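Undergrad: Each chain, letter by letter, is given below.
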Amino acid sequence: MDQLQLRELEARCIQEEQPFCTAACPIHVDVRAFMAALARDDVRGARKVLDRTMPFPEILGRLCDAPCRPFCKRGEIGDPLAIGSLERFCVSRTQAMVKLPKLPNKGGKVAVFGAGLSGMTAALDLARKGRPATLITPDDDIGGRLRSLPAEILPGEALAQARTILAGYGVTVMTATSLDDAAVTNLIDQYDAVYCDRDAVGALAGPFAAGEPDPLSLALAQDGCFAGGGLGTDGNYSVIKQVEDGRRAALSIERFLQKVSLTAQRDKEGSCATRMVTVIDGIAPAAEIPPVDPAQGYTPAEARAEAGRCILCECMECVKQCVYLREYKEYPKTLVRRIYNNLAIVQGTRNANKMINACSLCGQCTVICPHDFPVAEVCRSTRQEMVATGHMPPSPHDFALEDMRFSQSEACRLSRHQPGHDASRFLFYPGCQLAGSAPDLVVRAYEFLSGNLTGGVGLMLGCCGIPAHWAGQQALFAETLDGFRAEVAQMGRPTLIAACSSCLSVFREFAPDLAVTSLWEVLDGLELPAGERRRPEAALALHDPCTARYQDGVRTSVRSLCAKLGLAVVEPALGGELADCCGYGGLMQFANQPLGTKAALVKAGRSRRDGLAYCAMCRDNLAAAGRPVAHLLDYLFAAAADPDPLARANPGFSGRHENRARLKERLLASLWQETSVARPAHAAIPLLIAPEVAALLDSRLILEEDVRKVIEHAERSGRYLIHPGTGHRLASFRPVRVTYWIEYETIDRGFRIHNGYSHRMRLPEETP
Amino acid sequence: MSTFSFAEATAWQCAGCNRPLEPAEVKVTYLNSVFTVELMVCPGCGFVLVPESLAVGKMLEVEQLLEDK
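These protein sequences, in sequence, are chains A and B. As numbered in the numbering used here, residues 1 to 768 make up the first sequence, in order. As numbered in the numbering used here, residues 1 to 69 make up the second sequence, in order.
Honestly, the hints are just simulated from the structure, not real lab data. Please read these numbers as outputs of a predicted model, since none were measured by experiment. Careful: at least some of the hints might be erroneous.
[Said to hold, decoys possible] Mimicking BS3-like on lysine-lysine, the simulated pairs with C-alpha atoms at most 30 angstroms apart in a straight line are:
{"#": "1", "chain 1": "A", "residue 1": "K320", "chain 2": "A", "residue 2": "K73"}
{"#": "2", "chain 1": "B", "residue 1": "K27", "chain 2": "A", "residue 2": "K354"}
{"#": "3", "chain 1": "A", "residue 1": "K268", "chain 2": "A", "residue 2": "K329"}
{"#": "4", "chain 1": "A", "residue 1": "K109", "chain 2": "A", "residue 2": "K268"}
{"#": "5", "chain 1": "A", "residue 1": "K598", "chain 2": "B", "residue 2": "K27"}
{"#": "6", "chain 1": "A", "residue 1": "K102", "chain 2": "A", "residue 2": "K129"}
{"#": "7", "chain 1": "B", "residue 1": "K69", "chain 2": "A", "residue 2": "K329"}
{"#": "8", "chain 1": "B", "residue 1": "K27", "chain 2": "B", "residue 2": "K58"}
{"#": "9", "chain 1": "B", "residue 1": "K69", "chain 2": "A", "residue 2": "K333"}
{"#": "10", "chain 1": "A", "residue 1": "K268", "chain 2": "A", "residue 2": "K129"}
{"#": "11", "chain 1": "B", "residue 1": "K58", "chain 2": "A", "residue 2": "K598"}
{"#": "12", "chain 1": "A", "residue 1": "K354", "chain 2": "A", "residue 2": "K333"}
{"#": "13", "chain 1": "A", "residue 1": "K333", "chain 2": "A", "residue 2": "K598"}
{"#": "14", "chain 1": "B", "residue 1": "K58", "chain 2": "A", "residue 2": "K329"}
{"#": "15", "chain 1": "B", "residue 1": "K58", "chain 2": "A", "residue 2": "K354"}
{"#": "16", "chain 1": "A", "residue 1": "K48", "chain 2": "A", "residue 2": "K329"}
{"#": "17", "chain 1": "A", "residue 1": "K109", "chain 2": "A", "residue 2": "K259"}
{"#": "18", "chain 1": "A", "residue 1": "K99", "chain 2": "A", "residue 2": "K109"}
{"#": "19", "chain 1": "B", "residue 1": "K69", "chain 2": "A", "residue 2": "K354"}
[Claimed, not checked] If you anchor each label on the Cβ, the simulated ranges turn out as follows:
{"#": "20", "chain 1": "A", "residue 1": "N452", "chain 2": "B", "residue 2": "L65", "range": "54 to 62 angstroms"}
{"#": "21", "chain 1": "B", "residue 1": "P43", "chain 2": "A", "residue 2": "M1", "range": "47 to 55 angstroms"}
{"#": "22", "chain 1": "B", "residue 1": "T10", "chain 2": "A", "residue 2": "L668", "range": "27 to 35 angstroms"}
{"#": "23", "chain 1": "A", "residue 1": "L668", "chain 2": "B", "residue 2": "Q64", "range": "37 to 45 angstroms"}
{"#": "24", "chain 1": "B", "residue 1": "K27", "chain 2": "A", "residue 2": "L696", "range": "24 to 32 angstroms"}
{"#": "25", "chain 1": "B", "residue 1": "Q64", "chain 2": "A", "residue 2": "G107", "range": "15 to 23 angstroms"}
A virtual CB, placed ideally from N, CA and C, is assigned to each residue, including glycine.
I would like the entire structure built from these sequences, with the hints used as guidance.
TA: In structure tokens form, the structure reads like this:
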């Protein structure tokens with residue numbers, strides 16, 4: 001990722017866009033932070049927010065005409081916030097909290113003609129920027145029009161406060177000073193730049209006599225002369241317009257003195273548009289809470305209640321749904337920044353590695369995002385970059401990639417025409433996870449397909465390679481896909497029937513030349529198997545897998561099949577193209593195990609009902625999270641007398657391994673009358689493992705095959721430890737990159753397993 | 001570099017040598033890093049014990065740290 005890509009990505013996330021009120025405010029007061037502070041009874045905190053943006057909070061806080069109010073999102077569900085009354089409440093009850101810094105004197109003499117609010121603002125802003133400013137008025141005090149306001153609207157202290165502020169920043173105030181034609185001409189010569197507050201002094205002589213200022217910079221035709229303030233184009237006097245013009249003029253004068261463009265990049269000044277999106281679904285309407293005594297204004301309790309109606313507008317639509325973004329407390333813009341910084345580290349700790357590897361790559365956020373932010377693609381391509389540069393840590397993906405190699409090995413892979421056929425019109429591809437989770441269902445589905453489709457239905461067992469794709473291992477992924485293509489070609493390029501949405505997505509995206517369809521669409525087009533079927537007692541929540549997000553045909557056929565089977569299903573709160581991942585996607589559960597479990601619970605929790613899945617990984621992960629869940633094939637092919645599919649346990653990694661190998665042996669023997677390759681010596685070692693020990697081994701990613709290898713090695717070499725108290729043995733073995741330790745005891749016919757753990761560090765005697 | 005000791009009295013004995021384990025310095029390696037640590041080792045054959053608490057604790061922590069370097 002380069003910096004340009006980073007910027008482009010960042011710009012797509014709108015979470016940091018201004019809320020509607022702030023964008024509408026001509027000086028961009030952080031109204032959201034102001035409301036949040038008031039709502040938590042932090043009036044001083046609220047004052048700080050005003051002090052940071054408003055030139056004279058004592059004045060503006062009492063008089064602002066609040067052009068932001070019509071933009072308040074709360075107005076769509078109740079009344080807009082009473083921002084004006086709340087600001088008045090705040091400034092009436094607090095002293096100034098923040099004194100903005102004054103930059104060192106940078107030279108450049110500036111005069112401001114007229115001491116209305118606009119002139120005062122310009123003088124103050126310039127003084128803060130280090131430009132000595134002189135405020136000149138024919139009146140005997142500053143304030144212009146404000147001086148005529150009654151004390152209950154603007155108390156005298158407010159103007160006194162303003163005088164103090166101006167003095168504090170070193171603004172020279174010249175009252176009772178003539179601004180007649182001669183004086184103006186004379187003063188223009190003495191100063192480098194001049195701003196004319198048209199509200200306070202009207203039209204002056206010379207350059208100020210005629211002509212409208214440029215609306216963006218407020219510059220007049222004569223260099224160094226600026227004018228603003230006064231009535232708006234609608235003929236009304238707006239307090240906030242005076243401030244806006246004064247501030248705009250000060251910025252223009254600063255640019256003029258720096259001799260840079262007066263107009264470049266000023267589109268965010270003044271009221272502006274925002275790309276913010278705030279969804280108000282589910283927020284209860286609430287009417288304005290007016291003060292009980294309007295003359296006295298809000299009481300603290302009333303102000304707190306009124307401010308508490310603020311929705312605190314933000315986007316966060318993806319974060320609301322995504323367990324991953326919530327876990328890492330990021331939204332896409334900050335996430336991509338962290339990823340970029342992580343990639344940029346040359347020496348030091350890459351703290352974001354785990355985060356990058358924990359995304360399920362499911363793409364839910366992209367569908368939710370108003371600007372289609374591609375979090376999954378960013379994370380996946382970053383993994384690819386990490387692999388390419390040698391910075392990918394081995395532990396997050398090793399296990400899944402080994403699992404994939406096993407599925408692709410001679411122990412599991414298979415490719416055959418239908419018995420009695422020498423060609424295949426179709427090729428059933430159940431995928432590695434269905435073969436691992438429910439081998440019986442693979443057999444029954446294959447029997448059904450080969451009995452009901454003509455032209456020969458071949459069978460292929462293996463793995464589509466998606467774990468390598470997810471892990472950023474492009475070379476391995478390409479190699480797997482090439483091998484797959486070659487095998488399909490050897491079978492005569494039949495139409496693939498994929499049972500797994502992940503396989504389907506891989507074939508469609510990376511092998512578009514192959515003819516591919518889904519098992520569900522094929523089944524939906526056939527007459528379903530007859531016979532008495534088991535039915536669940538209540539309607540089930542239908543869980544779409546995340547990989548079927550863009551497979552409308554699959555999702556439609558699945559629902560059609562449910563209807564034909566008489567299976568009552570309900571849609572969970574989030575499904576279809578918004579479906580969550582179960583925690584397997586993107587290898588999330590290997591990079592961050594607890595997060596994987598959370599993801600499964602979130603997916604299951606989208607409905608209180610028992611579940612129905614049609615992805616084997618969803619089925620097993622939801623079952624592992626303790627939720628009753630069946631696979632759709634269970635209800636298609638299981639007989640009424642079969643055990644309740646909702647109660648089928650998660651086979652775990654060892655179970656899936658074993659199931660895959662046994663499925664091949666069983667199919668070879670029963671359908672093709674072939675014997676399989678001999679299993680290694682350790683495969684025959686009988687193990688006795690209590691369920692809680694099996695669960696521990698599974699969570700530690702220790703396969704029974706690894707256990708057998710350790711025991712076989714220990715018993716053959718005699719190298720193990722023995723515990724004199726229990727008689728247990730403790731041994732270790734390092735087949736490839738992980739050292740496994742197994743505590744076991746010898747029993748009559750085999751070994752009872754008590755514990756297992758592993759480490760990746762290498763001991764001196766270990767070679768690999 | 002100073003040697004960290006993870007040697008703790010243990011009931012495990014070497015079955016092959018029929019001897020109790022004793023603390024000894026051991027070089028462990030991971031991703032091009034080498035550490036000398038004190039572990040319980042069979043004085044006869046050099047069988048090194050990595051106890052569970054170390055494997056799932058400090059050792060895992062260091063592995064993760066090295067992986068992110």
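Undergrad: Looking at the structure, which of the earlier hints fail to hold?
TA: Numbers 5, 22, 25, in rising order.
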